[in-house]
Amino acid sequence: MKKVMLKTTLSLAVTLASTQIFAAGFALNEQSISGMGTGFAGRSSSADDASTVYGNPAGMARIKREQVTGGVAVVDAHTDISNASSSPNGGSNKGDMVPFTAVPMGFYVKPIDDHWAFGLGVYVPFGLITDYENGFAGRYFGSKSEVQVITFQPTVSYAFNDKVSIGFGPTINRIDGALESNLSITQALPDGKVKIKGDDTALGYNVGLLVQATDTTRLGLTYHSKVDYKLEGNTKVNYGALALVGVGANQKYDASLKITTPESVDFSVTQAINDRWNVYAGTTWTRWSQLDKITVKNSGVQPLLAGQFGSINEDQNWHDSWAYAVGTSYQLNKEWVLRTGLTFDQSPTNNEDRSPRIPTGDRTIFSIGAGWSPTDDLTIDVAYSYLKEESVNIRNENARGQTYDAKYENSANGFGVGATYRF
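Under mature numbering (1 follows the signal peptide of the UniProt record, and there is no 0), the letters of the sequence shown match residues -23 to -1, 1 to 400, in that order.
Since the hints were derived computationally from the structure, they do not count as laboratory data.
Mixed in with the good hints, there may be bad ones.
[Stated by the list, open to error] Result set (DMTMM-like, lysine to aspartate or glutamate): computed pairs, CA atoms no more than 25 Å apart in a straight line:
1) K121 <-> E329
2) K311 <-> E123
3) K121 <-> D73
4) K207 <-> D176
5) K384 <-> E367
6) K121 <-> E386
7) K71 <-> D57
8) K170 <-> D231
9) K229 <-> E157
10) K174 <-> D205
11) K207 <-> D192
12) K213 <-> D231
13) K311 <-> E43
14) K140 <-> D192
15) K170 <-> D382
16) K41 <-> D139
17) K121 <-> D153
18) K121 <-> D339
19) K235 <-> E209
20) K365 <-> D53
21) K172 <-> D205
22) K365 <-> E110
23) K207 <-> E157
24) K384 <-> D330
25) K207 <-> D297
26) K270 <-> D339
27) K235 <-> D330
28) K213 <-> D108
29) K207 <-> D153
30) K213 <-> E110
31) K172 <-> D330
32) K71 <-> E374
33) K274 <-> E123
34) K174 <-> D73
35) K174 <-> D108
36) K41 <-> D252
37) K270 <-> E209
38) K235 <-> E123
Sequences are here, hints too, so could you generate the full structure?
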C-alpha cells in the first residue's frame, strides 16, 4: 500500500512529464499559428505578427501598426500499445488516452512611437491531458491526468535604432492539476480510487533581444524564466480496504507540492534569400534538470500513516533537452505566403522513471502552413503538423506485486488556424 500511495500522491508532479502535444516534457509550442507552419524555426527572429509577444518581446519593435493576433491549435493524438503484460493479469490496452485537445492563444501589440511598443499576451505554455479507458491494465500507475498553465503577459519593447531592440514582459501564471489512479491492496475487493487536485498562481518573466545584423539577416534571442509553484489542494482516497488497517474507507488529506516549470533559451536566425524566399533556423534549450526530485507534504494524515505519508520524496533525474528546427517561407504573390518546417525535439525523461503517465520519447515533427492576406488589414494563417515519436518501453512495479510492462508508439496530427487584424 505504501508504494501505491507514494506513486499516486506524487503523480500530480509526475503527470506533468507526459504530453502528446508538440514540445518536450510538458511544454507546449502552440503560441503562434504562423510559427507553427515553419516548425517554430524562426520563433525568436521572425516577428511576423503580434504573437512575437511570446516568441520574442523585442520583435514588437518591428510591428508598425496596432494589431491583434489570435488562434487555436487542435491536436489529434494516437498511441499504439503492444507487448503489454500486467499483474494481476487482465485489463485493456486501447491506447486512446489523449482526447481531441484545443490550445488557444491571443496577443495584442500597439506601437507608441519610433522607440516604444506595448503588448499583451494570453497563452498556454504548459499542459497535458491523458484519460485511459476503464479497466486499463496499467490503472494502478495512472488512469487520468489533466494539467494546464495559463499565462497572462503584459510586455514592453524598446528600439535603440533600426538595428537593435529589446523587450521584457512579466508573466502571471495559473496552474491547475487534477488526476486519478486506481488503488488495490487486495484482489478480494474491488479497486478503489485516488483523486488529487491542486492549483497555484506564480510570477515569472520573458526577455528578448532582436538584432538586424545585415540587410538580409536577423538574429533573435529569447529567455523564458523558470516559475516556482506551490500547489495547494487535496488527496481523496475512496477504498473500503483501508478499514482493514484501522482507518476509514474514505480519506481526505490536505496536500502541498512544490514544482518548477523550467527556464528556456531560444535562439533563431531569419535569412532573406530574395524578395520571395526566407529561410529559418533555430534551437531551444530547456533546463529540465531542475526536476530532479519531488517532495509532497500531506497534513491531516492519521497517526497510523503519518510516518509514511507526512512527507514523501522521490527522485526524477530529468535531463536538460534541446530542440532543433529548420524552415522556409515562400511569398507566392501579394496575398499568399507558403511555409514548411522540420523539428527534432528531445525528451527529458529517462527509461527508469517512464510510466503510463510519461510514455514519451524523442520526437520528429513535420509542418506546413500558409498565410492569406485578402487585404492589407487582415491575414489568416493555417498550419498542419505531423508528429512521430520513437517507440519506448515502460516497466512498472510496486510493493503489492502489481506490474505493468508495455511498448508505446505515439503519433499526432496538429491543426492550427489564426488571424491577425491590423488597425
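Against the structure, the hints come out as follows:
Using a Cα cut-off of 25 Å, the hinted pair K121 and E329 holds, with the two alpha carbons roughly 21 Å apart. With a CA separation close to 43 Å, the supplied pair K311 and E123 exceeds the 25 Å bound. Pair hint K121 plus D73 holds up; C-alpha atoms about 12 Å apart against a cutoff of 25 Å. Pair hint K207 plus D176 holds up; C-alpha atoms about 8 Å apart against a cutoff of 25 Å.
A threshold of 25 Å between alpha carbons decides the hint, and for K384 with E367 the separation of about 11 Å falls inside it, so the pair holds. Of the supplied pair hints, the one linking K121 and E386 holds, its CA atoms being roughly 19 Å apart against a limit of 25 Å. A C-alpha spacing of about 8 Å is found between K71 and D57, which places the hinted pair at or below 25 Å, so the restraint holds. Between K170 and D231 the alpha-carbon distance is near 17 Å, which keeps this suggested pair within the 25 Å criterion.
A hinted pair counts as satisfied when its Cα atoms are at most 25 Å apart, and K229 with E157 qualifies at roughly 14 Å. In summary, the hint linking K174 to D205 is supported, as the alpha carbons are separated by about 18 Å, within the 25 Å threshold. For the proposed pair K207 and D192, the alpha carbon gap of about 47 Å is over 25 Å, so the pair is violated. Simply put, K213 and D231 have alpha-carbon atoms about 9 Å apart, close enough for the 25 Å limit, and the pair holds.
Annotation: proposed proximity of K311 to E43 holds, straight-line Cα distance about 21 Å (limit 25 Å). For the given pair, K140 sits about 9 Å from D192 by alpha-carbon distance, which is consistent with the 25 Å threshold. With a C-alpha separation of about 21 Å, the suggested pair K170 and D382 falls inside the 25 Å cut-off, and the hint holds. About 12 Å separates the Cα atoms of K41 and D139, which keeps this hinted pair within 25 Å; it holds.
The straight-line distance between the Cα atoms of K121 and D153 is roughly 14 Å, inside the 25 Å bound, and the hint therefore holds. With a CA separation close to 23 Å, the supplied pair K121 and D339 stays within the 25 Å bound. Between K235 and E209, the direct Cα distance comes to roughly 9 Å. Compliance with the 25 Å bound is thereby established for this hinted pair. Taking the CA atoms of K365 and D53, the gap is near 12 Å; set against the 25 Å cutoff, the hint holds.
Distance restraint check for K172 and D205: the Cα-Cα separation of roughly 23 Å lies within the 25 Å cut-off, and the hinted pair is therefore satisfied. Annotation: proposed proximity of K365 to E110 holds, straight-line Cα distance about 23 Å (limit 25 Å). Annotation: proposed proximity of K207 to E157 holds, straight-line Cα distance about 20 Å (limit 25 Å). Pair hint K384 plus D330 holds up; C-alpha atoms about 14 Å apart against a cutoff of 25 Å.
At roughly 22 Å between alpha-carbon atoms, K207 and D297 fall within 25 Å of each other, so this suggested pair holds. For the proposed pair K270 and D339, the alpha carbon gap of about 22 Å is at most 25 Å, so the pair holds. The hinted pair formed by K235 and D330 meets the criterion: a straight-line CA distance of about 19 Å does not exceed 25 Å. As the CA atoms of K213 and D108 are separated by approximately 18 Å, the hinted pair is consistent with the 25 Å bound.
Our distance criterion of 25 Å between C-alpha atoms is met by K207 and D153, whose separation comes to about 11 Å. Straight-line distance between C-alpha atoms of K213 and E110 comes to about 21 Å, which keeps the hinted pair within the 25 Å bound. At most 25 Å may separate the alpha-carbon atoms for a hinted pair to count; K172 and D330 meet this at roughly 21 Å. With a CA separation close to 21 Å, the supplied pair K71 and E374 stays within the 25 Å bound.
Taken as a hint, the K274 and E123 pair is honoured in the structure, with Cα atoms around 21 Å apart against an allowance of 25 Å. At roughly 23 Å between alpha-carbon atoms, K174 and D73 fall within 25 Å of each other, so this suggested pair holds. Straight-line distance between C-alpha atoms of K174 and D108 comes to about 15 Å, which keeps the hinted pair within the 25 Å bound. Among the hinted pairs, K41 with D252 is consistent with the structure: their alpha-carbon atoms are about 20 Å apart, no more than 25 Å.
Distance hint between K270 and E209 is fulfilled; the C-alpha atoms sit about 18 Å from each other, no more than 25 Å. Under the criterion of a C-alpha separation no larger than 25 Å, the hint pairing K235 with E123 is consistent with the structure, at around 17 Å.
This entry does not satisfy hints 2, 11, going by the numbered hints stated previously.
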